[in-house]
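So you can see what is in the structure, the chains are spelled out below.
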Amino acid sequence: MSKWRNSFVFALGATVALLVGWVVFPRVLYSHKHQPLDFLHKTHAEKSGLADCGECHSIRADGTFAGLPAVEQCAACHSERVGESKAEAILVDSYIKPGHDTPWLVYARQPANVWFSHAIHVKRANLSCTECHSSYGESDMARVYEVNRISGYSRDIWGHSMSRLRRAPHEGMKMSDCEKCHQQRNVEVGCMGCHQ
Amino acid sequence: MKVTRRDLLVWSAGAAAGLLATPVPWKVLDDVSIWSQNWPWIPQPTRGPVEVKQSFCTLCPKACGLRVRMAAGWAVGVAGSSTHPISRGALCPLAFAAHQLNWHPLRLRSVRHGASRSTWAEAQAAFAKASKEGPLVVIDGYPGRAASSVLESFAEKQGGSYRVFAPAELRALASYERWTGIPAASLGYDLENANTVISFGAPLLDGWGTPGRFTRLWAERAAGMRDPQLRLIQIDSSLSRTAARAWQWVEIREGSESASALASGLAGALHEQNLVPAHSPVPSMTLAESAAQTGMSVERIRELARLVVAKTPALVIARDDDPAVAALNVLLGSLGKRGGIVRHSEQVKPYVAAESVIGSARAVLIDASVPWDFVPQTDAEIFRFAAWDGGGTKPDWLLPAPGFLEDLMDLPTAPGCSVLTYGIAPALVKATSEVQSAAQFLCSLDGSLPTTAKIIDSRCQTVFRRREGSVYAQEIFEMAKFTSVQTFKEQLLKGAVWAGEPTASPEFHCLLKKWPNPARAVAAESWATEWRAPVMPPLASKLYQESGLRESLSRRNA
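Those protein sequence lines, which keep their order, are chains U and G.
Counting in my numbering, the first sequence runs from 1 upward without gaps.
Counting in my numbering, the second sequence runs from 1001 upward without gaps.
In short, the hints are calculated from the structure, not lab data.
Don't be surprised by glycine CBs; every beta carbon is placed ideally from N, CA and C.
Some hints here could point you the wrong way.
Distance windows between CB atoms, simulated [what the hints assert, rightly or not]:
id: 1; chain 1: G; residue 1: G1392; chain 2: U; residue 2: G99; range: 47 to 55 angstroms
id: 2; chain 1: G; residue 1: R1466; chain 2: U; residue 2: G99; range: 43 to 51 angstroms
id: 3; chain 1: U; residue 1: P36; chain 2: G; residue 2: R1467; range: 33 to 41 angstroms
id: 4; chain 1: G; residue 1: S1036; chain 2: U; residue 2: P169; range: 29 to 37 angstroms
id: 5; chain 1: U; residue 1: R60; chain 2: G; residue 2: S1484; range: 27 to 35 angstroms
id: 6; chain 1: G; residue 1: K1430; chain 2: U; residue 2: R60; range: 19 to 27 angstroms
id: 7; chain 1: G; residue 1: G1089; chain 2: U; residue 2: A112; range: 48 to 56 angstroms
id: 8; chain 1: G; residue 1: G1134; chain 2: U; residue 2: A112; range: 47 to 55 angstroms
id: 9; chain 1: U; residue 1: A112; chain 2: G; residue 2: A1480; range: 42 to 50 angstroms
Chain U on its own, in the form it takes in the complex:
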């Protein structure tokens, strides 16, 4: 009786820990934030004819990556409200008219000690944007930004899979992911390549 009881209690403890570790912990670890306004990549691609990511997220002539478009670029079409949506009102009234850049939450932001060159990866290695950023450019909603409460990093850096065992090819932007990709392509980069 005592042996079965002990096994049951042990299993109960293990089950509770597994539930906490796999279900509760990720929810506690990541806080959810929302983008300042609901930006729709799909709508922009379909209605504005912006077929290529580089039309807004351009690489400059000197090789640096412009990143997110500045508010002036948005103002080219949205100097006045184009539609009746709430996001349109926020964009025009809160950012374009006062001339403030939209404080986007950047899902793929790397820590400050990392230098990632989009020009080398896109132009020289011919990687498509989706290989790292998935098909987010075709989405019709601004997804929730999950931020790690301890490290302060975006969840995209670790990847959605907590175990990192079953993550999709585009998931995860940790150094080990960079190394794995480089190994697969047989491209050597020393420490100074990324940590200048």
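Assemble chain G onto chain U, guided by the hints.
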């Protein structure tokens, strides 16, 4: 059913076992390690629009070309500029991390008088008083700059003396200055056209000269080749990094006496085998004596002599000022010859070495370019400019100087370079505290001195008027393409570098008739101990100290 203490323990054991099968321990460990790297007091690079600017490393006279990544007006990254004709994209690890230096905890941010804080006004008053009371000595560690002209002019006007702390590459050329009358600063090594380089301990592949210059040449003409186009014979007492990569490593006993003895032995062997003109100077040291001092066999020295002349032009490079080693170039006829020691300019006058006696001075002003561990042996009042406090001996006045790329600076030809070069490094970043360079300090004391900016203007005009050479930017421009000095200067301010034409200078008239005495014995030290940066940025610490490339300051000072 009653819950017992045993149940709780078993439950806890189960929970602990279960927890190990969850991501909690591993993820928390990872996140905490990241959190600990981002303490709030650690300076973080600014986020903002990124742009890349071309400039130069101003930390030492090698003047390597840089690409500086700027974010919101701050330098956040440094990489080598492949368009620079001399450094060709290579940098030393210190330059790679130079942008971090401005934020170093030992950065000097206020004037110090002894152990207490002071002000610029008090420092100026004290310096003005001291320089009027007695002889003044100004010491410069990076001669040839516009700022150097200001220092020299001030010293001359005060009736004082301008001295130079020359790097080893320049000191190694001092013998030729004595024998030919041509200042060492206007001489250089024509490495690009040499086919055999015999290095007497000079770490050619480990930080000697402009780091990229010889390493690139070696990579193109020697690396991996059984019979390289460029033969590097390294004479070293240990298997140094250069020796390990050289075409041949010749092992000799430790100490400068061995190098001088081998130079004499080689000269003897060259004469003995009629490999050099009979009228050239002959050393008094016999081959047997040389062999005894160097630890080599007589036959090995003879064989080495044959190797030296097997593939000419041959160029001998000393690690420091060693007349016997330098005399080998005279013997080999390498002075003023393609692939030898060449003269790249006419107008430079000789420098007085900083190490010469300055005991009678009343005041000594030390520029920030002088290595931190140079301490003048004098009772004079010392006014030392420095961007970082390296600790140890304290001068009377410690004056905060501009840090990396915080001040406009011009970059003359690097020591040992075979062609004239000129570049301008503008002040790309704002100084984070009230700093002054020694030149600015002196200009504020004497309004009649020309400012650094004016001297740079005048130098641009001089170079422009010569209409020689090319400007190396993203593409190479002939000087004829520049229609005005303004456009030329603008190009330089954008990080381009002007380089003169390699000249076929006439053979020097050399006064060396007698084989020189060997160099005085100096304490045996490795190149590693010559590393003189007062502080290390974190990245350079990793590269230099943890990898053992350079000895750490704490170990050296221990």
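So which hints don't hold here, by number, going up? Failing hints, ascending: 3, 7.
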